[in-house]
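Trainee: Those protein sequences? They're chains A and B, same order as listed. The first sequence runs 0 to 352 under numbering that gives the first Met the number 0. The second sequence runs 0 to 363 under numbering that gives the first Met the number 0.
In short, the hints are calculated from the structure, not lab data.
Here are the computed lysine-lysine pairs in the DSS-like style, where the Cα-Cα straight-line distance is at most 25 Å:
1) A/K326 / A/K250
2) B/K335 / A/K250
3) A/K250 / B/K42
4) B/K332 / A/K250
5) B/K289 / B/K159
Looking from chain A toward chain B, a few residues come up when the C-beta cut is under 7 Å (computed):
6) S332
7) S333
8) G335
9) V339
Idealized CB from N, CA, C, for every residue including glycine.
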Amino acid sequence: MSQSDYLKMQLQCPMPKLDFDVITLGHGSGGVLTNKLLDSGVFDILENDILNQRHDGAFLNLKGKTAFSSDSFLISPIFFPGGNIGELAVNGTVNDLAMCGATPQYLSLSFIIEEGLKMTEFWELLISIKWACQNAGVQIVTGDTKVVEKGKGDKIFINTSGLGNIHPKANIHSKNVKSGDKIILSGHIASHGMAIMSLREGLEFESQIESDTTNLNHTLINLIDKFGAQIHLTTDPTRGGVATVLNEVAKQTHLGIEISQNHIPIDPQVESACELLGLDPLYVANEGVFLSFIAKEVADEYLKELQNDTNGANAKIIGTVVEQHPKQVIMESSIGGKRVISMLPGEQLPRIC
Amino acid sequence: MKYLSEYRDPDLAKRYLKEIQNATSQAWSIMEVCGGQTHSLVKNGIIEMLPEHINMIHGPGCPVCVTPLRLIDKAVYLASNKNVILCSFGDMLRVPGSSKSLLEAKAGGADVRVLYSPLEAVKIAEDHPDKDVVFFAIGFETTAPANALSVVHAYRKQLKNFSILASHVLVPPAIEAVINDKESTIDGFLAAGHVCTIMGNAEYHPLSAKYKVPIVVTGFEPLDVLQGILMVVRQLEKNKHTVENQYSRIVKEKGNPDAKAMIFEVFEPQDQVWRGIGKIPQSGYAIKEKYAEYDALRKFNVDIPEAEENSNCISGQIMKGIKKPFECSQFGKTCKPTNPLGAPMVSSEGACAAYYHFSGRVEE
Numbered sequence: 000m001s002q003s004d005y006l007k008m009q010l011q012c013p014m015p016k017l018d019f020d021v022i023t024l025g026h027g028s029g030g031v032l033t034n035k036l037l038d039s040g041v042f043d044i045l046e047n048d049i050l051n052q053r054h055d056g057a058f059l060n061l062k063g064k065t066a067f068s069s070d071s072f073l074i075s076p077i078f079f080p081g082g083n084i085g086e087l088a089v090n091g092t093v094n095d096l097a098m099c100g101a102t103p104q105y106l107s108l109s110f111i112i113e114e115g116l117k118m119t120e121f122w123e124l125l126i127s128i129k130w131a132c133q134n135a136g137v138q139i140v141t142g143d144t145k146v147v148e149k150g151k152g153d154k155i156f157i158n159t160s161g162l163g164n165i166h167p168k169a170n171i172h173s174k175n176v177k178s179g180d181k182i183i184l185s186g187h188i189a190s191h192g193m194a195i196m197s198l199r200e201g202l203e204f205e206s207q208i209e210s211d212t213t214n215l216n217h218t219l220i221n222l223i224d225k226f227g228a229q230i231h232l233t234t235d236p237t238r239g240g241v242a243t244v245l246n247e248v249a250k251q252t253h254l255g256i257e258i259s260q261n262h263i264p265i266d267p268q269v270e271s272a273c274e275l276l277g278l279d280p281l282y283v284a285n286e287g288v289f290l291s292f293i294a295k296e297v298a299d300e301y302l303k304e305l306q307n308d309t310n311g312a313n314a315k316i317i318g319t320v321v322e323q324h325p326k327q328v329i330m331e332s333s334i335g336g337k338r339v340i341s342m343l344p345g346e347q348l349p350r351i352c
Numbered sequence: 000m001k002y003l004s005e006y007r008d009p010d011l012a013k014r015y016l017k018e019i020q021n022a023t024s025q026a027w028s029i030m031e032v033c034g035g036q037t038h039s040l041v042k043n044g045i046i047e048m049l050p051e052h053i054n055m056i057h058g059p060g061c062p063v064c065v066t067p068l069r070l071i072d073k074a075v076y077l078a079s080n081k082n083v084i085l086c087s088f089g090d091m092l093r094v095p096g097s098s099k100s101l102l103e104a105k106a107g108g109a110d111v112r113v114l115y116s117p118l119e120a121v122k123i124a125e126d127h128p129d130k131d132v133v134f135f136a137i138g139f140e141t142t143a144p145a146n147a148l149s150v151v152h153a154y155r156k157q158l159k160n161f162s163i164l165a166s167h168v169l170v171p172p173a174i175e176a177v178i179n180d181k182e183s184t185i186d187g188f189l190a191a192g193h194v195c196t197i198m199g200n201a202e203y204h205p206l207s208a209k210y211k212v213p214i215v216v217t218g219f220e221p222l223d224v225l226q227g228i229l230m231v232v233r234q235l236e237k238n239k240h241t242v243e244n245q246y247s248r249i250v251k252e253k254g255n256p257d258a259k260a261m262i263f264e265v266f267e268p269q270d271q272v273w274r275g276i277g278k279i280p281q282s283g284y285a286i287k288e289k290y291a292e293y294d295a296l297r298k299f300n301v302d303i304p305e306a307e308e309n310s311n312c313i314s315g316q317i318m319k320g321i322k323k324p325f326e327c328s329q330f331g332k333t334c335k336p337t338n339p340l341g342a343p344m345v346s347s348e349g350a351c352a353a354y355y356h357f358s359g360r361v362e363e
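Here chain A stands alone, though its shape is the one from the complex (with noise of 0.2 Å):
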């Protein structure tokens, strides 16, 4: 039995007898039914000794250089093959921390819920933050919960916002990146977006298309224990995907960006829901890749190393970064010619034919 088999086993603990089934709007009025809902069963769940205090705040001891990060989730469905947005909301803060070169510790974690959301959805999202809080080795010290009418929210949406101390060799930043360094990506591009579009569009395929999205905070840091400072910028491409990110990069640093088409990894049937769909992979959104810019003398050592781990079996370097064509990122298609990849003018919406 692997860790998380064990663990989501232990964290099948049965849902408490309440005398309610749904979300109401009283749940948020931070009167008796707020209490209710709290002691039913969420701080039992995500307790901690700093969360057991039940101040307005959470008291900590911080040292050294910290990172702080925040995010929003909203997804529909909250479920979706591969996770829910639980789980979402929690690697989701746990990796931008990761990619600051920071080890994730302290998260706050606020509900915004639609009444009307069922008790026993909302326990299913309680155990996967606890589950994917202890993956990450994080924890929930602080949080809130707000109820909105049936019709002005979308079933839930979760804030989680976190710190973590930056580890002592790390020294990453865009203005760290250098012409000739090398690109990495850490693994298959687009399955969180695909599995959530396939999902909408109840498309099916010879077997389900699953969401990415995990912690990588235990691969960062192990890598950055191991290369230091020749790590120049850690990446995650969620919103946007990767030719966003790239984008933002070349923008940032006034270099140029050069990457192979054939070189970008990508699973055969997330690539086929984009062709039926009409999406360009490099625009769809990830949850559990990284893109790396590596001194390009322990570029294939850390390539190595990478592909050593879970998180990043499949990982490939896709590019490099130029002094030529400035600001621009610049792709080899797959037959040989060349375009830029742009930044989309809004969301990806899909051609007509």
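Given the coordinates of chain A, assemble chain B onto it according to the supplied hints.
Mentor: Frame of chain A; chain B shown alone:
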């Protein structure tokens, strides 16, 4: 990926490029009619790989680009009706109307939904009997059968709350209009493979014979497009003009008879206005009288005045291949994908947007 990677083989692409180079003795202008082919040319970087004297001209085959401004205004007007759910293909949403786009109408509270199939709109109508569902049915002959099918489904189910806002355009009359344009310099055509999948090749033989132009029915993958170009060049070099079928793995000479029957069950040819180009005789479809109650224009009697196009936009000349996007004084200055003056800057199939992205301008 099977059935795709075979048509994206870099070694074969190089061989085709070499063949095109070897076969070409003079400059030729070739129009790819379909926006999907423009997209493929740009996405795969083919334009830059072609020999210098092969000039690709990007045709009017982007249905999003040629949908009349007035009809977009009508769609926006209908969407603003609180009782209407307006359903559309995705890339229609960003096209600017005279005051706003459907995306802006959506942000203002309109119920605008992106669908992949018109049949989904019929389902929405069944699920929301208290709402009027309008499907913005645009497209070439390719999308016409599914749009027609949605009407037939609604008719059979006796749905009273479903209609289509139709704007169909047809390829052969457009090719003829482009050839007849005084400024036209086109030597040969890549015809749209998916349109011919439905309609077959019959309509193209008289065109090729009358105007003495080679027409090659072509697919959309990089090797398809390269092979199509090679076939046109070989005809031109031999002074031949005939219809050839590059996309024979999909396109049959007679097309798809069932799909054609579905089109003509619901639609009949009519004169059609193309945005940026003007009226082309018998180049669109009207909804037949039998299905009049499913025609949103007749059902809602939307009376919206004709709006002025932006006078700085030369999209008509772009879509007829008379000018290249970078020859427009507004290109990349006042006209960008984030602020398009005309439709070709909106859709990824539109020539201006394609050139904008390809030219690698950095939007600040």
